[in-house]
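Q: Counting in our numbering, the sequence shown runs from 54 upward without gaps.
Take these hints with a grain of salt, some might be off.
[As the list claims (entries may be wrong)] Quick list of in silico lysine-lysine cross-link-like pairs, DSBU-like style, CA-CA up to 30 Å: (1) K95 <-> K56; (2) K56 <-> K73; (3) K73 <-> K62; (4) K69 <-> K95; (5) K62 <-> K95; (6) K62 <-> K76; (7) K76 <-> K56; (8) K76 <-> K95; (9) K69 <-> K56; (10) K73 <-> K95; (11) K101 <-> K69; (12) K101 <-> K62; (13) K56 <-> K101; (14) K95 <-> K105.
These are computed hints drawn from the structure, not numbers from a lab.
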Amino acid sequence: MVKAYANIKLPEELVKEVDKLIKNGTLGYRSRGEFVAEATRKLIMEIKSVMKE
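Working from the sequences, and respecting the hints, build out all of it.
A: Set out below in structure tokens:
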């Protein structure tokens, strides 16, 4: 998969929560980018599913 880079701004509290989840290590995310990419994929799938109903 070809990757494209995008800079985004998130509220500081959201970034702190993401960092806590990554630091925990049990979920397997190695970086913010990896976490955000997975979260984005899941949200897109959820939206597409709702739109089909």
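Q: Run every hint past the structure and note whether it holds.
A: Structure-based check of each hint:
1. K95 <-> K56: Measuring from Cα to Cα gives roughly 17 Å; hence the hint holds.
2. K56 <-> K73: 25 Å, holds
3. K73 <-> K62: Within the cut-off at roughly 18 Å; holds.
4. K69 <-> K95: Distance ~20 Å between K69 and K95 Cα, so the pair holds.
5. K62 <-> K95: Roughly 20 Å between the alpha carbons, so the hint for K62 and K95 holds.
6. K62 <-> K76: 20 Å, holds
7. K76 <-> K56: Measuring from Cα to Cα gives roughly 24 Å; hence the hint holds.
8. K76 <-> K95: 21 Å, holds
9. K69 <-> K56: 25 Å, holds
10. K73 <-> K95: 20 Å, holds
11. K101 <-> K69: 29 Å, holds
12. K101 <-> K62: 25 Å, holds
13. K56 <-> K101: 22 Å, holds
14. K95 <-> K105: At roughly 16 Å apart (the allowed maximum being 30 Å), K105 and K95 satisfy the hint.
Hint compliance for this structure: no hint is broken.
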